[in-house]
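For the sequence shown, position 23 matches number 23 in our numbering, and the numbering has no gaps at all.
These are calculated hints, taken from the structure and not from any lab test.
The model shown is predicted, which means the values in this text are computed figures rather than measured ones.
Computed beta-carbon distance windows for the label pairs: (1) SER53 - ASN23: 15 to 21 Å; (2) GLY49 - SER27: 17 to 23 Å; (3) VAL52 - THR19: 14 to 20 Å.
For each residue, glycine too, the CB sits at the ideal point set by N, CA and C.
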Amino acid sequence: NRIIIDLYVVIEYGTRISTVAHNIMDSVEFSVEKTLGVPVSQVNVHVQGLRVSETEIRL
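Whenever a hint applies, use it, and build me the whole structure from the sequences.
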């Protein structure tokens, strides 16, 4: 038995989307396997949008 995980996220404007997505994938896979003891087959990160901080809006 293996788990497939789909995550839907909004990422802060100005961050490297691919780096954030890979960090999320690695962290979730490690945490789930350690906590549940079930191997993770896939972690899919779906970027739903970008969040712009109020500081960026003022500029």
